[in-house]
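K.L.:
Residues per chain, in single letters:
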Amino acid sequence: MDCNQARPQLQSRLDDALAAEPAAALDGHLAHCPPCRRAFHTLKTAQGAIREHADCFRAPGALRSRILAELAAAAAAPPVSGRGRARRSGHPGRLGRWGWFGSGAALAASLTLVITLTLAPVPGAPLEDQVVSAHIRSLMENHLMDIASSDRHTVKPWFNGRLDLAPPVRDFEAVGFPLAGGRLDVLDQRPVAALVYRRRQHVINLFIAPADGAAAGLHEASPTRGYTVLYWSDGGLADWLVSDLERTELLEFARLLRSPPPAQ
Amino acid sequence: MSDPETLRRFEQVVLPHLDAAYNLARWLTRNPQDADDVVQEAMLRALKYLTGLRGENARPWLLTIVRQTCYTWLRNNRPPAEVYILDQDDFDLATSPPGEDGGGDPETLVARIEDRTLVNRLIAALPVPLREVIVLRELEELAYREIADILAVPIGTVMSRLSRARARLRAGLFRHLGESDRGL
Chain S
1 MDCNQARPQL QSRLDDALAA EPAAALDGHL AHCPPCRRAF HTLKTAQGAI
51 REHADCFRAP GALRSRILAE LAAAAAAPPV SGRGRARRSG HPGRLGRWGW
101 FGSGAALAAS LTLVITLTLA PVPGAPLEDQ VVSAHIRSLM ENHLMDIASS
151 DRHTVKPWFN GRLDLAPPVR DFEAVGFPLA GGRLDVLDQR PVAALVYRRR
201 QHVINLFIAP ADGAAAGLHE ASPTRGYTVL YWSDGGLADW LVSDLERTEL
251 LEFARLLRSP PPAQ
Chain H
1 MSDPETLRRF EQVVLPHLDA AYNLARWLTR NPQDADDVVQ EAMLRALKYL
51 TGLRGENARP WLLTIVRQTC YTWLRNNRPP AEVYILDQDD FDLATSPPGE
101 DGGGDPETLV ARIEDRTLVN RLIAALPVPL REVIVLRELE ELAYREIADI
151 LAVPIGTVMS RLSRARARLR AGLFRHLGES DRGL
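Line by line, the protein sequences give chains S and H. Following our numbering, the numbering of the first sequence begins with 1 at its first residue and continues without gaps. Following our numbering, the numbering of the second sequence begins with 1 at its first residue and continues without gaps.
Hint data in this document are derived by calculation from the structure and do not stem from the laboratory. Treat the hints with caution; some may be incorrect.
[To be verified] If you only want the chain H side, here are some residues facing chain S, beta carbon under 10 Å, derived:
#1 TRP27
#2 ILE134
#3 ALA143
#4 LEU173
Just so it is clear, CB atoms sit at the ideal spot from N, CA and C, and this is done for glycine as well.
Model the full structure from these sequences, guided by the hints.
P.N.:
Here it is, written out as structure tokens:
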């Protein structure tokens, strides 16, 4: 092998891309050709400097948690809808900051969301079962709220860009059902809004999803695992209310929710 | 489309390569927020196309998606002058800058290149088609074949771009040395 044959192969040798035989032949040439050896050494030195000093970026934890949350929602939603829905109007042509959960603080919650979704009950299980499961899940592992606030003006906008619907958010603190916050949840493989209210020590979950059917009055599901489940729809939105609260009190709350909002 | 089984497979097969995805996006966009956006979108696309992943290594497969997402992003967000080179079919025919290796002494080079900033600045200054082969080869340590698949170009093109990228980096490193020497 001469230098003219050796030089074009130096880079491949550097990258371990030569088969054993050509590599051995090249090494033989380098052993007795100082200029080629020096050229190879230069390549190797520069490669070493690059590999040692170039930044190798690692995904930030907040990004990781957002992606996990995003995946859970995507798994439950029709494909492709995520991007257009969340595109920031203020930045045309720019990929939206989806910010499903805003910060790494929601890491645990979003992990739970993915895990519980992965282990989710078989779709098609009675919806009241899923509602009760989601309620129980919300009480575990700090998964109750993604946005904790008693201010409906804080909770309502939080859902913007996270869901295809704008859930009505009202506070009933004056009558003993204070708003505590909200989160995204999954019912029937679809992302839904979950509003959290409290009644003394009891937690009440109100799930709001797009309604497929016509308006329907207040219904009560058969008692499931000791929880009361009420549901209704107004034609546009379907509401599911679940709690371990006394049945009559939950019925009272349902009536409050179904009452027309006061004029603003 | 995304049943629990698909999601589980995604978590096991694709998610472990999130760091590699971010690294490529970060180097191509040169901006942390943009890298966030690109990676997030790329991961959703990956979930959507997961059934297309059969048997092959998930890392190059994912990086292909990340790269395409980056290119779309660059076309939409970068000035035409910078985007132009992405679409230039004859990019590889363009004359390389003279491969000034400067005849510098490699040992001196090692001793002097202590700061990371120079190396990072030089890589960031490469045009995207050269930058990406450096990231995929030197940082992700992918083989020529894998890089060729990601870029959808022949292996020979990968090798020539890699050679040109390295020549530019070496030239930058040695030029820096020359300036330092003059400053002493």
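K.L.:
Each of the hints needs a verdict: does it hold here or not?
P.N.:
The hints, checked one at a time:
At a threshold of 10 Å, the smallest CB-CB gap from H/TRP27 to chain S is about 7 Å, leaving the interface hint in force. Using the Cβ-Cβ criterion of 10 Å, the hint placing H/ILE134 at the interface with chain S is satisfied: the shortest such distance is roughly 7 Å. Given the 10 Å rule on beta carbons, the hint for H/ALA143 holds: about 7 Å separates it from the nearest Cβ of chain S. About 6 Å separates the beta-carbon of H/LEU173 from the nearest beta-carbon of chain S, less than 10 Å, and the hint is met.
No hint from the list above goes unmet by this structure.
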